[in-house]
Amino acid sequence: AQSVTQLDSHVSVSEGTPVLLRCNYSSSYSPSLFWYVQHPNKGLQLLLKYTSAATLVKGINGFEAEFKKSETSFHLTKPSAHMSDAAEYFCVVTSQGAGGFKTIFGAGTRLFVKA
Amino acid sequence: EAQVTQNPRYLITVTGKKLTVTCSQNMNHEYMSWYRQDPGLGLRQIYYSMNVEVTDKGDVPEGYKVSRKEKRNFPLILESPSPNQTSLYFCASSWDRVGTDTQYFGPGTRLTVL
Numbered sequence: 053a054q055s056v057t058q059l060d061s062h063v064s065v066s067e068g069t070p071v072l073l074r075c076n077y078s079s080s081y082s083p084s085l086f087w088y089v090q091h092p093n094k095g096l097q098l099l100l101k102y103t104s105a106a107t108l109v110k111g112i113n114g115f116e117a118e119f120k121k122s123e124t125s126f127h128l129t130k131p132s133a134h135m136s137d138a139a140e141y142f143c144v145v146t147s148q149g150a151g152g153f154k155t156i157f158g159a160g161t162r163l164f165v166k167a
Numbered sequence: 016e017a018q019v020t021q022n023p024r025y026l027i028t029v030t031g032k033k034l035t036v037t038c039s040q041n042m043n044h045e046y047m048s049w050y051r052q053d054p055g056l057g058l059r060q061i062y063y064s065m066n067v068e069v070t071d072k073g074d075v076p077e078g079y080k081v082s083r084k085e086k087r088n089f090p091l092i093l094e095s096p097s098p099n100q101t102s103l104y105f106c107a108s109s110w111d112r113v114g115t116d117t118q119y120f121g122p123g124t125r126l127t128v129l
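Going down the list, the protein sequences come from chains D and G. Those letters in the first sequence? Residues 53 to 167, per my numbering, in order. Those letters in the second sequence? Residues 16 to 129, per my numbering, in order.
Just chain D, with the same shape it has in the complex (with noise of 0.2 Å):
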């Protein structure tokens, strides 16, 4: 079965300081994990993914995550948050399974920048 756990329901930081929001997933095939995030009455839209390649995955406005099998983690981070960072991050998995392919989000991190 999959499932994904997202360590930390809020997650606060200063301006220019790193942020770290943690991830673990569970899933029996080969995965493909991702990180949304959604602004305040806004869609979702992709940060970054992990299919397969390169384990250390680049994103969008900084981002980066690191896939780590061993651990069965995805951990998203940023070197120096920025006040538009605010938002809330969802870490996501697709695998197929025993229903089929299903995508599963985890609770979500809601950051908060402090200036």
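Each hint should be verified, as a subset may be incorrect.
Result set (SDA-like, lysine to any residue): computed pairs, CA atoms no more than 25 Å apart in a straight line [unchecked claim]:
{"no.": "1", "chain 1": "G", "residue 1": "LYS72", "chain 2": "D", "residue 2": "GLN97"}
{"no.": "2", "chain 1": "D", "residue 1": "LYS121", "chain 2": "D", "residue 2": "PHE164"}
{"no.": "3", "chain 1": "G", "residue 1": "LYS33", "chain 2": "G", "residue 2": "ARG59"}
{"no.": "4", "chain 1": "D", "residue 1": "LYS101", "chain 2": "G", "residue 2": "ASP53"}
{"no.": "5", "chain 1": "D", "residue 1": "LYS121", "chain 2": "D", "residue 2": "VAL71"}
{"no.": "6", "chain 1": "G", "residue 1": "LYS72", "chain 2": "D", "residue 2": "GLY111"}
{"no.": "7", "chain 1": "D", "residue 1": "LYS101", "chain 2": "G", "residue 2": "GLY57"}
{"no.": "8", "chain 1": "D", "residue 1": "LYS121", "chain 2": "G", "residue 2": "ASP116"}
Here are the simulated distance ranges between beta carbons [said to hold, decoys possible]:
{"no.": "9", "chain 1": "D", "residue 1": "LYS110", "chain 2": "G", "residue 2": "ASN99", "range": "36 to 46 Å"}
{"no.": "10", "chain 1": "D", "residue 1": "GLY152", "chain 2": "G", "residue 2": "PRO23", "range": "22 to 32 Å"}
{"no.": "11", "chain 1": "G", "residue 1": "ASN99", "chain 2": "D", "residue 2": "ASN113", "range": "11 to 21 Å"}
{"no.": "12", "chain 1": "D", "residue 1": "ALA53", "chain 2": "G", "residue 2": "ASP53", "range": "12 to 22 Å"}
These are computed hints drawn from the structure, not numbers from a lab. If you're wondering where the values come from, they're calculated on a predicted model, not measured in any experiment. Don't be surprised by glycine CBs; every beta carbon is placed ideally from N, CA and C.
Please build the complex by placing chain G on the supplied structure of chain D, with the hints as guidance.
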């Protein structure tokens, strides 16, 4: 402009009154999917479609129907809505057949069932 559109964007209805939320994409994508978003739960997949006339259940299909008669359209039907279906709904599409590549999301439909 490449996009996924949903209509209506906001809907308030009463228990038991059938409704349809439309979803259309102009990117010739094979895969389409419906999700509902509830606070603290993230997005949960309702149904998905890998091709015309091919649909399958996601994690929370109860109370919903879908159809895929044309490649570009994937309507979500609530035959007898109930208050527990009050939620924010998103439609998404992807070029690959199984949703393992980037999904492009519509703007969302906020549904309230009284």
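List of violated hint numbers, smallest to largest: 2, 6, 11
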